[in-house]
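Number of protein chains: 2
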Amino acid sequence: MQQLSNGLKGVRLHQLLSKETHGHLQTSLENTRAISTVSLWPFSSQPRDFSQPNSSWSPEMRKVYDHYNTLCDPDTENGEEKRGPWRKLPSYNRSIKYAAGGIHLSKLIQAKARLFTRNVKEQGATFEYVVFVNKEEKRCVCVFQAGHLLEGAPGHVHGGAIATMIDTVTGTLAGFLSGPIMTANLNIDYRSPMPLGSVVLIHSALDRKERRKTYITCKVSSTDESKLYTEATALFVSIGVGHLFGSRN
Amino acid sequence: MQQLSNGLKGVRLHQLLSKETHGHLQTSLENTRAISTVSLWPFSSQPRDFSQPNSSWSPEMRKVYDHYNTLCDPDTENGEEKRGPWRKLPSYNRSIKYAAGGIHLSKLIQAKARLFTRNVKEQGATFEYVVFVNKEEKRCVCVFQAGHLLEGAPGHVHGGAIATMIDTVTGTLAGFLSGPIMTANLNIDYRSPMPLGSVVLIHSALDRKERRKTYITCKVSSTDESKLYTEATALFVSIGVGHLFGSRN
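Protein sequences, first through last, are from chains A and B. Numbering of the first sequence is given in full-length UniProt numbering, commencing with residue 1 and proceeding in unit increments. Numbering of the second sequence is given in full-length UniProt numbering, commencing with residue 1 and proceeding in unit increments.
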């Protein structure tokens with residue numbers, strides 16, 4: 001903890017601190033849905049939720065989205081709404097402003113900074129994705145459509161783009177379960193090349209927690225889960241909330 | 001080998017096959033420099049080399065670039081030019097067309113596809129980098145400036161963006177040493193968060209070769225190498241050149 005408090009040494013501050021998972025820092029697991037309607041955004045206008053369906057989504061992407069989105073609907077029993085374990089998480093393109101690294105940045109860079117996975121305006125060009133989390137089973141699933149600007153080998157998705165989604169999804173789950181965290185390790189096995197334009201499922205689950213360490217497993221597969229593209233493990237280390245706000249003053 | 005020949009199973013086809021390292025497939029190690037001037041680009045106009053200095057480069061980026069670029073200059077002894085072990089590699093934004101995945105892609109996606117690390121037109125916004133390789137010592141160094149669109153945690157570079165550069169640099173070295181390869185594993189330890197706007201060195205070196213496997217080590221540090229940001233190992237598996245061209249017909 002000493003080490004972490006001292007200049008964030010040891011591990012990388014995770015995007016949990018970004019606006020994407022901002023809600024986790026301020027709301028309990030019980031009212032995640034409320035983030036979508038009651039804004040915690042500190043600026044004047046409501047931000048765009050990038051995980052909403054748009055015209056670039058293929059029928060396959062839309063179908064899988066609809067499947068999981070329906071799981072988020074409440075059941076009505078005896079006139080009372082009953083919520084299941086599934087929640088859809090919103091996704092924004094801007095980080096919150098209490099940047100630990102703010103001291104390193106020019107004002108210009110701060111103003112223009114955008115979340116890596118949401119930095120291209122053209123819909124469908126890069127990362128189209130939405131994350132659904134199941135709090136009871138301590139797991140989440142991301143539906144990801146890989147755009148044409150993510151090319152590595154000809155016609156295939158860059159390994160770095162796949163790693164980016166793995167970091168994003170495992171980090172979102174770790175933050176959901178453990179609060180503020182930083183990525184300490186990603187270990188990624190590329191099993192099969194992923195064609196550009198693919199729609200895939202990224203399943204992440206809690207492996208175990210050991211004090212400040214949260215271990216997450218991850219599998220990237222075709223939407224029917226018949227083809228495995230990538231497997232990974234991820235380790236996140238918890239950091240104190242006070243630490244996040246420490247550099248605000 | 002059977003497994004690899006059969007639909008590229010087992011590992012991810014690396015960006016070695018992209019235009020970025022296209023030259024490696026067609027030239028020997030002896031005339032790498034010639035790629036910059038004698039185009040192997042299959043289209044009509046000369047492509048832009050994205051690794052040339054531009055106005056977005058900070059003085060620090062430019063200084064380190066100049067240092068390594070000077071190492072690439074030939075010495076003149078007794079009126080004869082003598083080349084040292086260092087070479088600068090060019091970097092383009094488009095993949096070559098014999099895409100193994102081409103069968104999966106619509107013509108639209110094929111035409112618009114861009115290398116992930118070179119897909120944003122605004123200079124300085126994302127990945128500014130240049131790779132220098134030392135063939136005698138079987139290592140390379142990349143100078144990388146992280147732009148404001150690579151944000152993960154507030155004010156810091158996204159772990160996926162760092163993973164992307166590690167895949168790119170280790171894959172470039174592996175391809176240089178072993179010919180056509182695919183990424184099979186990346187194991188990344190994030191030691192310290194990297195502020196947005198940082199200029200860093202990415203050193204990669206051959207660990208060992210075992211038949212079709214090439215093991216590469218990687219360290220990401222500040223330019224004076226006093227601060228370690230990330231350490232990684234990478235495993236690449238060789239694929240046959242015939243395989244690359246197999247899907248052309």
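Since the hints were made in silico from the structure, they are not lab data. Among the clues, some could well be false.
It does not matter which identical chain is used: a pair holds within one copy or between any two.
Claimed, not checked - In silico lysine-lysine, DSSO-like type, Cα no more than 27 Å apart, as pairs:
{"no.": "1", "residue 1": "K112", "residue 2": "K63"}
{"no.": "2", "residue 1": "K63", "residue 2": "K213"}
{"no.": "3", "residue 1": "K82", "residue 2": "K135"}
{"no.": "4", "residue 1": "K227", "residue 2": "K213"}
{"no.": "5", "residue 1": "K227", "residue 2": "K82"}
{"no.": "6", "residue 1": "K138", "residue 2": "K227"}
{"no.": "7", "residue 1": "K82", "residue 2": "K219"}
{"no.": "8", "residue 1": "K213", "residue 2": "K135"}
{"no.": "9", "residue 1": "K112", "residue 2": "K138"}
{"no.": "10", "residue 1": "K112", "residue 2": "K209"}
{"no.": "11", "residue 1": "K82", "residue 2": "K138"}
{"no.": "12", "residue 1": "K63", "residue 2": "K227"}
{"no.": "13", "residue 1": "K135", "residue 2": "K112"}
{"no.": "14", "residue 1": "K213", "residue 2": "K112"}
{"no.": "15", "residue 1": "K135", "residue 2": "K63"}
{"no.": "16", "residue 1": "K63", "residue 2": "K121"}
request  = Give the relationship of K227 and K82 under a CA distance limit of 27 Å: within one copy only, between copies only, both, or neither.
outcome  = neither (35 Å within a copy, 52 Å between copies)
task = With 27 Å as the alpha-carbon cut-off, assign the pair K135 and K63 to within, between, both or neither.
result = Classified as within; 23 Å inside a copy, 50 Å across copies.
query = Should K82 paired with K219 be assigned to within, between, both, or neither, using CA atoms and 27 Å as the limit?
reply = neither (30 Å within a copy, 51 Å between copies)
query = Checking K213 and K112: alpha-carbon separation at most 27 Å within a copy, between copies, both or neither?
reply = neither (33 Å within a copy, 42 Å between copies)
message = At most 27 Å between alpha carbons: which applies to K138 and K227, within, between, both or neither?
response = Intra 24 Å, inter 36 Å, cutoff 27 Å: intra-copy only.
inquiry  = Please sort K82 with K135 into within, between, both or neither, judging by C-alpha distance up to 27 Å.
reply    = Only inside one copy: K82 and K135 sit 15 Å apart there, 65 Å across copies, limit 27 Å.
inquiry  = Within, between, both or neither: how does the pair K213, K135 come out at a Cα-Cα threshold of 27 Å?
reply    = Within one copy only: 19 Å inside, 41 Å across.
task = State whether the alpha carbon distance between K227 and K213 is at most 27 Å within one copy, between copies, both, or neither.
result = between (31 Å within a copy, 24 Å between copies)
query = For K112 vs K63, is the C-alpha pair at or below 27 Å within one copy, between two copies, both, or neither?
reply = Between. Shortest inter-copy distance 25 Å satisfies the 27 Å Cα cut-off; intra-copy 34 Å does not.
task = Can you give me the call for K112 and K209, within, between, both or neither, at a CA distance of at most 27 Å?
result = neither (36 Å within a copy, 43 Å between copies)
ask   = Is it within a copy, between copies, both, or neither that the alpha carbon of K112 lies no farther than 27 Å from that of K138?
value = This pair counts as neither: shortest intra-copy Cα distance 35 Å, inter-copy 39 Å.
Homo-oligomer pair classification [K138, K82; C-alpha up to 27 Å] = within (19 Å within a copy, 62 Å between copies)
Comparing the model with each earlier hint shows violations of hints 2, 5, 7, 9, 10, 13 and 14; every other hint is respected.
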